[in-house]
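Engineer: So you can see what is in the structure, the chains are spelled out below.
Number of protein chains: 2
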Amino acid sequence: MSELVRVALDAMGGDFAPAEAVKGAVDAVCHEERVDVTLYGTEDAVNAELAKYTYPKERLHVHPTTEVIEMAEPPVNAIRTKKDSSIVAGLMSVRHGENDAFVTAGSSGATLVGGQLLVGRIKGIERPPFAPLIPTANGPLLLLDCGANVDARPTQLVQFAQMGSIYMENVVGVKNPRVALFNIGAEAEKGNALTKETYPLLAALDNINFTGNIEARDIPFGAADVVVTDAFAGNAILKMYEGTADMFKQQVKEAIYSSTRGKLGGLLLKPVLGKTFKKFSTSTYGGAPLLGLTGLVVKTHGNAKAISIEHSIEQCVTFKEKRINDQFREKMHLVDHTRKEQKS
Amino acid sequence: MSELVRVALDAMGGDFAPAEAVKGAVDAVCHEERVDVTLYGTEDAVNAELAKYTYPKERLHVHPTTEVIEMAEPPVNAIRTKKDSSIVAGLMSVRHGENDAFVTAGSSGATLVGGQLLVGRIKGIERPPFAPLIPTANGPLLLLDCGANVDARPTQLVQFAQMGSIYMENVVGVKNPRVALFNIGAEAEKGNALTKETYPLLAALDNINFTGNIEARDIPFGAADVVVTDAFAGNAILKMYEGTADMFKQQVKEAIYSSTRGKLGGLLLKPVLGKTFKKFSTSTYGGAPLLGLTGLVVKTHGNAKAISIEHSIEQCVTFKEKRINDQFREKMHLVDHTRKEQKS
Chain A
1 MSELVRVALD AMGGDFAPAE AVKGAVDAVC HEERVDVTLY GTEDAVNAEL
51 AKYTYPKERL HVHPTTEVIE MAEPPVNAIR TKKDSSIVAG LMSVRHGEND
101 AFVTAGSSGA TLVGGQLLVG RIKGIERPPF APLIPTANGP LLLLDCGANV
151 DARPTQLVQF AQMGSIYMEN VVGVKNPRVA LFNIGAEAEK GNALTKETYP
201 LLAALDNINF TGNIEARDIP FGAADVVVTD AFAGNAILKM YEGTADMFKQ
251 QVKEAIYSST RGKLGGLLLK PVLGKTFKKF STSTYGGAPL LGLTGLVVKT
301 HGNAKAISIE HSIEQCVTFK EKRINDQFRE KMHLVDHTRK EQKS
Chain B
1 MSELVRVALD AMGGDFAPAE AVKGAVDAVC HEERVDVTLY GTEDAVNAEL
51 AKYTYPKERL HVHPTTEVIE MAEPPVNAIR TKKDSSIVAG LMSVRHGEND
101 AFVTAGSSGA TLVGGQLLVG RIKGIERPPF APLIPTANGP LLLLDCGANV
151 DARPTQLVQF AQMGSIYMEN VVGVKNPRVA LFNIGAEAEK GNALTKETYP
201 LLAALDNINF TGNIEARDIP FGAADVVVTD AFAGNAILKM YEGTADMFKQ
251 QVKEAIYSST RGKLGGLLLK PVLGKTFKKF STSTYGGAPL LGLTGLVVKT
301 HGNAKAISIE HSIEQCVTFK EKRINDQFRE KMHLVDHTRK EQKS
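Chains A and B, in that order, are what the protein sequence lines are.
For the first sequence, my numbering begins at 1 and goes up steadily by one.
For the second sequence, my numbering begins at 1 and goes up steadily by one.
It is possible that some hints are incorrect.
[Unchecked claim] To give an idea of the chain A side of the interface with chain B (calculated C-beta under 10 Å), a few residues:
1. E70
2. A72
3. T195
4. T244
5. I256
Hints listed in this document are in silico derivations from the structure and should not be mistaken for laboratory results.
Quick caveat: nothing in here was measured; it's all calculated off a predicted structure.
Yeah, the Cβ is synthetic: ideal placement off N, Cα and C, and Gly gets one too.
Working from the sequences, and respecting the hints, build out all of it.
Structural biologist: Have a look at this one:
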């Protein structure tokens with residue numbers, strides 16, 4: 001068996017911490033024998049949750065921390081001042097090579113800032129994007145960037161495209177993934193200043209399968225495998241997908257409960273409808289990796305339950321075994337900066 | 001009875017022209033006695049369609065044109081060279097006061113360029129936004145801009161907010177509409193350069209009910225009445241809504257047909273599910289007006305059927321009767337330009 005993949009888990013992050021984080025860690029070490037998890041969080045609270053479960057103790061540890069970074073805290077200040085928070089301590093363990101990956105359901109801003117300042121970027125990477133896999137009618141689709149770089153530059157989108165292609169081929173197993181640029185029309189000359197400048201740069205890349213622009217309405221149908229955009233539009237796409245799906249589920253339920261005939265029909269349809277709705281749940285594929293750092297950092301939804309935490313931990317195994325970061329270094333067209341890999 | 005509202009209809013625009021356009025015009029004059037419609041299009045083709053129907057002939061006319069602007073044509077060039085196209089002739093009739101409004105399912109780009117060049121903007125309006133009403137769980141929501149200004153400036157968004165508020169209050173009848181700025185977080189300081197600069201300007205307006213930022217996932221639930229954004233994000237929001245709704249409909253249908261039990265349940269649920277899906281169809285509220293022009297220009301979906309065309313024609317009645325353009329001039333904080341209302 002290959003060596004263990006060591007994951008630092010933020011036990012204090014997200015709406016249901018520490019209970020769901022701890023349960024997710026327990027499920028991960030029970031179901032995946034290649035992972036070793038360390039819980040970063042308030043000792044008493046974490047141990048109280050751990051006491052509820054039976055699990056392989058040699059692969060699940062606790063690293064006590066005394067501070068917590070709240071969701072609404074200004075990220076830069078939080079990272080600088082709360083040195084003994086679960087996020088800072090967890091990220092530092094990746095920086096120092098004690099862990100391979102850090103997983104959190106906590107503050108996106110603190111994770112982004114901390115990931116760059118404490119773990120550091122791969123040499124030549126301009127900005128790390130959040131890259132969630134989203135479910136479509138045609139399988140998973142990697143959408144990047146979804147929240148890190150709101151005013152992105154064309155050269156950053158060019159890097160997102162290459163990282164996304166490597167990730168999709170190796171972690172998800174899609175051969176020669178179709179990489180598309182999100183735009184408001186199919187034609188090359190459509191869009192805003194950013195997409196007009198980015199399109200020819202993507203078309204000129206020899207290391208991705210660029211299939212042109214993709215419009216939003218084709219995203220839920222999975223018309224591409226990797227979709228590249230700035231974080232502002234990416235967030236609109238991701239959150240509209242989630243919001244519309246949730247709204248439809250609610251409306252279908254209300255329609256079913258509106259009459260006796262509806263209730264009977266709903267009872268008959270429950271198994272298939274449940275399966276359909278589950279297929280398009282955001283928790284299906286775990287968290288969003290922050291790609292392009294020297295270690296792996298994964299952010300899950302703030303309202304993540306144990307199942308999302310578990311999937312997020314498990315995806316770290318493939319990431320390490322496929323040597324994704326080495327592939328980024330080898331296969332991407334990275335500008336040869338003279339400086340070393342960036343740390344704070 | 002008040003005077004008739006005269007509508008120029010592009011009989012050649014959209015995927016199903018001229019058949020659906022002509023049928024929509026016939027339905028409009030039959031169902032709404034306050035409208036007078038003139039069909040702009042190829043004479044023989046339009047008359048062949050008209051021959052299929054009985055309708056009040058004194059309120060439905062044909063203005064023959066010889067050219068057609070195709071969907072993919074570069075708009076500026078098309079508007080300049082195809083003087084006898086249905087779009088140019090229809091817009092010119094509004095410019096010259098022969099008609100109050102122009103309705104088309106044709107090229108968005110040509111409609112936008114032609115609307116500004118041929119009809120002209122209201123004095124002080126910087127850029128006209130496309131403003132569709134979209135269905136939510138909580139009633140209609142006005143989303144602007146949805147395709148006209150991809151690299152918008154803060155002052156333009158400030159005008160969109162005021163126009164949207166006036167439109168929503170008068171055309172849709174929502175008292176003191178909640179106006180929100182689309183953003184990737186709820187806090188005032190979130191977002192990109194555009195939203196950060198726009199937020200305080202909206203907060204300072206005394207003529208709208210600004211309720212702060214709205215995130216994408218709250219849009220399908222109708223957490224605001226008017227949502228202001230740039231056309232790039234607006235297009236992402238609108239098209240993700242349509243695409244996700246269509247994908248879910250398809251998936252629910254497939255789930256139903258996957259088993260005998262499912263088919264039986266589907267049969268029982270058909271009436272209520274059909275109603276739910278129809279409620280969130282984009283054709284519910286007709287077309288998207290291009291706000292801020294000296295006349296009214298309405299763009300409907302390229303795949304619009306007769307029902308959308310009819311609704312688009314009918315919404316011109318409220319627009320004129322409520323004197324929306326006069327209200328824009330009176331109630332908005334418009335910069336006092338020295339130049340006259342812009343025409344080409």
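Engineer: Look at each hint and say if it fits the structure.
Structural biologist: So, going through the hints one by one against the coordinates:
no. : hint : result
1   : E70  : 13 Å, violated
2   : A72  : 7 Å, holds
3   : T195 : 8 Å, holds
4   : T244 : 4 Å, holds
5   : I256 : 7 Å, holds
Hint check: a violation occurs at hint 1 only; the rest are consistent with the structure.
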